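Asker: Given next are the chains, with one letter for each unit.
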Amino acid sequence: GAGVSQSPSNKVTEKGKDVELRCDPISGHTALYWYRQSLGQGLEFLIYFQGNSAPDKSGLPSDRFSAERTGGSVSTLTIQRTQQEDSAVYLCASSLEGGNTGELFFGEGSRLTVL
Amino acid sequence: GENVEQHPSTLSVQEGDSAVIKCTYSDSASNYFPWYKQELGKRPQLIIDIRSNVGEKKDQRIAVTLNKTAKHFSLHITETQPEDSAVYFCAASWNEKLTFGTGTRLTIIP
Numbered sequence: 006g007a008g009v010s011q012s013p014s015n016k017v018t019e020k021g022k023d024v025e026l027r028c029d030p031i032s033g034h035t036a037l038y039w040y041r042q043s044l045g046q047g048l049e050f051l052i053y054f055q056g057n058s059a060p061d062k063s064g065l066p067s068d069r070f071s072a073e074r075t076g077g078s079v080s081t082l083t084i085q086r087t088q089q090e091d092s093a094v095y096l097c098a099s100s101l102e103g104g105n106t107g108e109l110f111f112g113e114g115s116r117l118t119v120l
Numbered sequence: 076g077e078n079v080e081q082h083p084s085t086l087s088v089q090e091g092d093s094a095v096i097k098c099t100y101s102d103s104a105s106n107y108f109p110w111y112k113q114e115l116g117k118r119p120q121l122i123i124d125i126r127s128n129v130g131e132k133k134d135q136r137i138a139v140t141l142n143k144t145a146k147h148f149s150l151h152i153t154e155t156q157p158e159d160s161a162v163y164f165c166a167a168s169w170n171e172k173l174t175f176g177t178g179t180r181l182t183i184i185p
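Here the protein sequences come in this chain order: A and B. Count along the first sequence from 1, add 5, and you get the number used in the working numbering. Count along the second sequence from 1, add 75, and you get the number used in the working numbering.
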């Protein structure tokens, strides 16, 4: 596709359930980022991939959060045992090289609601 | 790690007037400073960026200035129009990671 694609666009889940969020970056983009945006808040960094490796996982809020990227393309963000405070929009972005060299292209986001 | 502070959190200006949003960063190693605009319900999009070897950059009604000594940078929008209403995020790049400010909600009053 032409842009960054995220799925699902909306997810409602019950507290304690696991969720998986998927990101399809722009073809050829080596860098991939996950950010979290709570209602009315800024963009909170979660994790960054360069190719399949994650040089920086410092933003993951707890060990319930994990992410992987396979084939240098699709990435999955997994949240285990979801809590109400996990409710937010999860934004994925890709970049041709990396965050300090060029533009990040964002997806539309996955809105997660934990009841 | 990097810490980016952004002010003000909200800003209302009369159509046609100028708007200024300011950011400070903590890590002197940061060398790339983009600004993103997020319209209501949409994804953030890059509007302008500046690198550390440049003090100012302009693109039509938008300009960004950078003071590396003071570790602050600003976004200037002149002749504001209703379509400028959005949330604006500054960011600083450190160690391949882009750290964003908390955003400024800009409202243009017709």
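The hints are simulated quantities; they were obtained by calculation from the structure and are not laboratory data. For clarity, every value in this text was computed on a predicted model and none was experimentally measured. Each residue gets a CB set at the ideal place from its N, CA and C atoms; glycine is no exception. Wrong hints could be hidden among the right ones.
Said to hold, decoys possible - Derived CB-CB ranges, DEER-like:
1. A:E25 / B:G116: 41 to 49 Å
2. A:L44 / B:G91: 29 to 37 Å
3. A:N57 / B:T182: 25 to 33 Å
4. B:Q135 / A:G8: 20 to 28 Å
5. B:D92 / A:S32: 41 to 49 Å
6. B:S87 / A:S92: 24 to 32 Å
7. A:E25 / B:L121: 35 to 43 Å
As the list claims (entries may be wrong) - A few chain A residues that don't get close to chain B, going by computed Cβ distances all over 12 Å:
8. S67
9. R69
10. L120
Asker: Looking back at the hints listed earlier, which ones does the structure fail to meet?
Answerer: Result: hints 1, 3, 7 break, sorted rising.
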